[in-house]
Structure formats: structure tokens, C-alpha cells
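The primary structure of each chain is shown beneath.
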Amino acid sequence: MIYKSLLPIIIALLVMISLTTYLINYVSNDTSKALNLENTYLLSINVIKQLNSTLPQILRNEACIVIMKPMNYSCGVIASNLTEAMDGVLNTISNKTGGIVRYRVIDYGVYGKGNATIYRAVIQVITQFSNVNGVVVATYPFNLCYYSQVISGIVNGLSMNVTIRANNITEAVRDISDYLMSRVGGVDHGIDITLRYIGVFRMIERTRNYTIYWGAIDYALRASPGEDMCNSGSELGGVFYVTVIINAYVNNTYYFAVSGVINNDRLG
Amino acid sequence: MALADSLVFPDLLVSIILIIIILILTIYLTNLLLRLSVIDYRASIGTYLFTECLLGNLTSITDLNHVIITSEVTANNYLIICPRIAVNNSRLSVEVYVVYVR
Numbered sequence: 001m002i003y004k005s006l007l008p009i010i011i012a013l014l015v016m017i018s019l020t021t022y023l024i025n026y027v028s029n030d031t032s033k034a035l036n037l038e039n040t041y042l043l044s045i046n047v048i049k050q051l052n053s054t055l056p057q058i059l060r061n062e063a064c065i066v067i068m069k070p071m072n073y074s075c076g077v078i079a080s081n082l083t084e085a086m087d088g089v090l091n092t093i094s095n096k097t098g099g100i101v102r103y104r105v106i107d108y109g110v111y112g113k114g115n116a117t118i119y120r121a122v123i124q125v126i127t128q129f130s131n132v133n134g135v136v137v138a139t140y141p142f143n144l145c146y147y148s149q150v151i152s153g154i155v156n157g158l159s160m161n162v163t164i165r166a167n168n169i170t171e172a173v174r175d176i177s178d179y180l181m182s183r184v185g186g187v188d189h190g191i192d193i194t195l196r197y198i199g200v201f202r203m204i205e206r207t208r209n210y211t212i213y214w215g216a217i218d219y220a221l222r223a224s225p226g227e228d229m230c231n232s233g234s235e236l237g238g239v240f241y242v243t244v245i246i247n248a249y250v251n252n253t254y255y256f257a258v259s260g261v262i263n264n265d266r267l268g
Numbered sequence: 269m270a271l272a273d274s275l276v277f278p279d280l281l282v283s284i285i286l287i288i289i290i291l292i293l294t295i296y297l298t299n300l301l302l303r304l305s306v307i308d309y310r311a312s313i314g315t316y317l318f319t320e321c322l323l324g325n326l327t328s329i330t331d332l333n334h335v336i337i338t339s340e341v342t343a344n345n346y347l348i349i350c351p352r353i354a355v356n357n358s359r360l361s362v363e364v365y366v367v368y369v370r
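Residue numbers (the numbering used here), protein chains in the order written: chain A, 1 to 268; chain B, 269 to 370.
Looking at chain B on its own, in the form it has when it is part of the complex (with noise of 0.2 Å):
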């Protein structure tokens, strides 16, 4: 008889309204931890790229899948602009390579 009176009205809808507040609660959280760790991956990923890119090895990146290397920037969210200068034919000669993150 104990268990059917805590269960009664208003109890049980006090609990159910809680419940569903945590539940909003947890799921902004984990969106927040989300984003959190696309930052941190933008910023270890840009890091790697800025190197690579010092290095000259920029165009040699073939197995990181989210990466994607364009010759012009489109949008503003690019990673790193990575200009590279040669000489072609007795040419000065150059390449722009803008990466972004998928």
C-alpha cells in the first residue's frame, strides 16, 4: 500500500517532468562535450596540416579521410592556406592549397 501511494499523482508527475529535464539536460551536455572535441580535433588536425604544409608534404595526404584540400579558398571555415612556390620552365610558378574539415 506504500508503493501505490508514492505512486499517485502529484508524485509520479513531479518525478516524470524531472526526469524528462534531465534527460534535455543530458543530451545538451553531450552535445556541448561534442562540440568540444570537434574544436579540439580542428585545432590538433590544423596543427598536423601547418607542419606538413612547412614541411612541403601538404599534397601527400591521402589517408586522413576528412580532410579536403582545394586550390581556392570558398568558405571561411579553412583550416590552413597553404601557398607553395617552384619553379616551373625557369617559371616562378605557385599553388595554393586551402584545407578544410568535412
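Only chain A is shown next, with the shape it has when bound in the complex (with noise of 0.2 Å):
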């Protein structure tokens, strides 16, 4: 009769092998729902964290470039140079996990706001669990969009051609002047430009009742921001073309020439 005492034996091993069954499907059902949470965690919102944390220096250095070539950048170039970046980052994290998750850029744009650019970007996350909309915002402190705008608005009102009416030589001078000061004024949002310009003028016509100058005013237009942010602005130069009329019959001067300085912080 010794194989009765090894009955309970059985049983007790019988229980504890469906004690441990049941343990090991709890347990690794619930450990990976907890990796999915996690490894969800690290590609969506934990991507979108670090975006935030690194998009502003790359919006730095496009702002850079926008400080210092205003003709040619704007804005509409940093939103979709950043973006462009952030579309190769969320590629390649989707190409090396094999597709488990996917990202998609459903909104972006960039705005001046006062005296800061903003760039915002909405990042849908698609997983196999969950969709996360996450939202990318960099800033920059200075408003690159206004500024673009504003020195192409003065490098273009430049361009044109001016004819000027005087009653003498003086006064045509101090209105050439105050006609450079009306282009570069008015300028704010931490803006420093300074305009240096040159030019002769040779009489080209004289009658009894008015003498008619003519000439080329060569400028050379120095824009940054008003605080120290790229370690250069922009330089830009150019030439137009001035008429002067001469109300009067102006007797010996066949040459007369302007230069001078305009900052727009000194019209406040």
C-alpha cells in the first residue's frame, strides 16, 4: 500500500501547476500590454518631446540664414525647411521599427507674432493601439516674417526712380534726404537698419525757368536685429536713378552731390 502515500503528492503538484498556468498568463498578458504602453509611450509622445526640445535650434540657424539673406528667405522657408526635417526623422523612426508605428504631419505653418516667430506643427501618431495628436512648437525670438518683408519692401520701393521738384540746390538735397528717410521709417519690432547712400548729380538741361539735374544714388542698406542673434545682418546695396528739377535758372553749379546716413532708430 505505499503508492497511497504518493497520491497527495500528485494532487499537490496538480495544483500548483494550474496555480502557475493561470499566474503565467496573467503575468505575460499584463507585462506586454505594459511593453506596448511603454514602447507606445517612447514612439509618440516621448518623439514629440524630444521634437520640441530640438526643433528650436534648428529654427536658429534657419533664422539665421533668413537674417541675413531677407531678399531670398522668408518665412514660408522655414516652415518648410523644419518640416521637411521633421519628415525625415519620423520617416526614418517609421522605416527602422518596420512600420509599427507611423507618422503623419497634418497641419504646420509659421507666423510672426510681435517680436517672435512661432513655427507649429500637428503630428498625428498612428500605432497599433492608440492615435496620439501631438503638437511641435518652436520660437524664436525675433520676427523674421516681418522682417523679411519689411527689407524686401524697402530694397524694392529702392528701386524705382525718383524725380524730385526744388526751389534750389539745398532744398533738393534735404529732400533726397528726407525721401530715404520716408523708405527706411517707420520700421519697429527690433529692427536696426542703416542706409548709407552717395550719388552726383550733372546738369543735363537749363532753361530761363528751371535746370534739370540728373543722377545715380548708390546705397548700401545695413539691416540686423536689434539684438545680437546671428553675429551679422544683412548687407545689401544697390542704385537708382534721380531727376532733379530746379525751380530756377541755377547759374554755376554743373555738379552737386548727396551722402549721408539714415538710422530708423533715430526716427523712433
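You may find that some hints are simply not true.
Claimed, not checked - One side only, chain A facing chain B, incomplete, derived with CB under 8 Å:
1. 35
2. 46
3. 61
4. 100
It should be emphasised that the hints constitute simulated quantities derived from the structure, not laboratory data. Think of the CB as a built atom: it goes at the ideal place given N, C-alpha and C, for glycine as much as any other residue.
Make one complex out of these two single chains by using the hints.
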């Protein structure tokens, strides 16, 4: 009858096996659920957090390009460059994870607000278990949209040829200076603008009632953010032609010259 | 004589069969317990790697012999996928670390 003492051992073993099987199912399910949650977090919210902390650095570089070349680059270029960089990163992640996660940039844009430039993008993260929408925002403490618009406005305005009427040459010189001031003035949002100009006029026609001078004005426009941000600003140069009509017979002045420096901050 | 009586057929046979059953069940139970501990191991390593990834220290893990870090998902039994985004020469770059355990 020795074998009867073995039966309780078998029963104990069977009970333990069933308990362990139950535990394994339970723990295994929860473990894989937890790992999925962790990976979903790392691939969605954590990626968006990382983009939020790295994109401002990219924006800073892009901003310097706009500050140096405001005629060729504007806000729109920043928006597409930043989005392209982000897209590249997100696609790489998607590829390397074998399509476990996919990203879609739903919306993006850049705009100037007061003294700041703001880039904003909405990203949709699609994983097996959830769809998460995240927002990436990068700001730059200078209004680049306004800057590029203002500088190209000034340069385009200065490309036009001008006719100035005056009673004498002194007045004409002052009028030219006033004209340039009106072009540069009224710029705010922390932009420093310096316009240097020099021009020589020669008499081309003279009658009893009027004298006409004609000359070319060379200018150099230096623009930069008020605070030093890129260790450089933009230098643009050009030339425009001015016809000066003096409403009098000018006796002995065949040539005259104008030159000066105009600063926008002097205008307040 | 009583001892010799109890050890004769069929008692001996039944005892041997039962002992073999006990052995098999014990081995099976041990196997289950091992599986449980492996799952537990995966869970705890996964949690550890998750926090290391959040802190950005994932690549400096060198003292865990059973952890393998690759740059791509190659099989489905990965533990943690950890993308790290950085700025390199004013360009965005990304590394994806996928962690497996042996």
C-alpha cells in the first residue's frame, strides 16, 4: 500500500501546476501590455517631446539664413525646411521600426507675432493601439516674417527712379534725404536699419525757368535684429536714379553731390 | 516476510508508475516556474530600459550581459524601442535603439 502515500503528492503538484499556469497567462498578458504601453509612449509622446526640444535649435539656424538673406528667404521657407527636417526624422523612425509606428504631419505653419516667430506643427502618431496627436512648437525671439517683408519692401521701393522738384539745390539735397528717410522709417519690432548713400548729380538741361540735374544714388542697406542673434545681419546694395528739377535758372552749379547715413532708430 | 509481500507485483509497478508521473509533473512545474520568472525578468528589464531611455542613458548600459541593443527592429520579441533625436551640424538626426534580451 506504499503507493497511496504518493497520491497526495500528485494532487499537490497538479494544484501548483494549475496555479502557475494561471499566473503565467495573467503575468504574460500584463507584461506585454505594459511593454506595448511603454513603447507606444516612447514612439509617440517622447518623440514629440524630443522634437519640441531640438527644433528650436534648427529654427535658430534657419533664422540666421533669413536674417542674412531676407530677399531670398522668408517665413515660408522656414516652415517648409523645418517640416522637411521633421518628416525625415519621423520617416526614419517609421522605417527602422518596420512600420510599427507611422507619423503624419497634419498641419504646419509659421507666423510672426509681435517680436517673435512661431513655428507650429500638428503630428499624428498612428500605432497599433492608439492614435495620438501631438503639437510641436518652436519659437524664435525675433519677428522674421516681418523682417524679410520689411527689408524686401525697402529694397523694392528703392529700386524705383525718382523725380524731385525743389526751389534750390540745398532744398533738393534735403528732399532726397527726406525721401530716403520716408523709405526706411516706420520700421519697428526690434530691427536696426542703417542706410548709407552717395550720389553725384550733373546738370543735363537748363532754361530760363528751370534747371534739370540727373544722377545716380548708390546705397548700402544694413539691416539686423536689434539684439545680436547671428553675429551678422544683411548687407544689401543698389543704385537708383534721381532727376532733380530746380524751378529756377541755376547759374554756376554744374555738379553737386549728396551723401549721408540714415538710421531708423533715430526716427523713433 | 511482510516487507517482501508489499514489494511484489502489482504494488511495485503502480509505485514506479506513480513516481514517474510525479517526476514528469515536477519537471513540468519547474518549467512553468522558469517561464514565469523569465516573463518577470523581461518585465523588470523592460521597465528599467524604459526609464533609461527617457533619461537618455540607454546607450551607456554595458553591464547587463543579456541585453542586446540594435539599430533596427529585426524580430518581434523586442523589449523597448527608443528613438533619440539630436541636432548634428545644424541638421536633425535620429537614432533608433531597439533592445532585445537573450
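Each hint tested on the structure:
1. 35: holds, 5 Å
2. 46: OK, holds: residue 46(A) within 8 Å of chain B, min 7 Å.
3. 61: With a minimum Cβ separation of about 4 Å from chain B (threshold 8 Å), the hint on residue 61(A) holds.
4. 100: holds, 7 Å
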